[in-house]
Amino acid sequence: MVERENIFPEGLSKRIVKGHVLYAPVVTVVPGKLVFVSGILSRNGKGEIVGKGDMRAQIRQVFENIQTALASVGATMADVVKRQTFTTDIDAYFEHVDARVEYGGDALSTSTTVEVRRLSHPDFLVEVEVIAVIK
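Going letter by letter, the sequence shown gives residues 1 to 135 in this note's numbering.
Hints listed in this document are in silico derivations from the structure and should not be mistaken for laboratory results.
A couple of the hints might just be wrong.
[What the hints assert, rightly or not] Heads up, simulated DSSO-like pairs for lysine-lysine below, C-alpha to C-alpha not over 27 Å straight-line:
1. K82 / K18
2. K52 / K18
3. K33 / K82
4. K52 / K135
5. K14 / K52
6. K33 / K135
Owing to the predicted nature of the structure, the values given are computational and were not obtained by experimental measurement.
Generate coordinates for the entire structure from the input sequences, incorporating the hints supplied.
Here is the structure:
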């Protein structure tokens, strides 16, 4: 059995956007198998870009793709302990926190979000990679 604890150390602020706690500053896990998911973009199964110019649609597709990747090894979003997000428009990304929360639920992971000039194709607005721990 994997033991997981989200920790909010005294002295560190709790990031809340639109009523949602966005991440846990520290997550401990003992024991478990690490799952690394590479940067996931908003492509469908045919490789076509989903949500051209639409941040919400791209966030949803990215998290659908992450769920598919995790499911391939028996993991879910609840097993994610680290998420790193790259976006070309950080303000637009945070306007759609609810779309991200829809997939992450209450299982808070650690998180880093960075605005970048461009992703691997000019039509991509967001890319997310995750680390999960499973039994």
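Going down the list of hints, with the structure as the test:
1. K82 / K18: Judged against 27 Å, a Cα distance of about 21 Å means the pair holds.
2. K52 / K18: 25 Å, holds
3. K33 / K82: Holds - the C-alpha atoms of K82 and K33 are around 14 Å apart, at most 27 Å.
4. K52 / K135: 37 Å, violated
5. K14 / K52: Between K14 and K52 the Cα gap is close to 33 Å, so the pair fails against 27 Å, i.e. violated.
6. K33 / K135: Holds - the C-alpha atoms of K135 and K33 are around 6 Å apart, at most 27 Å.
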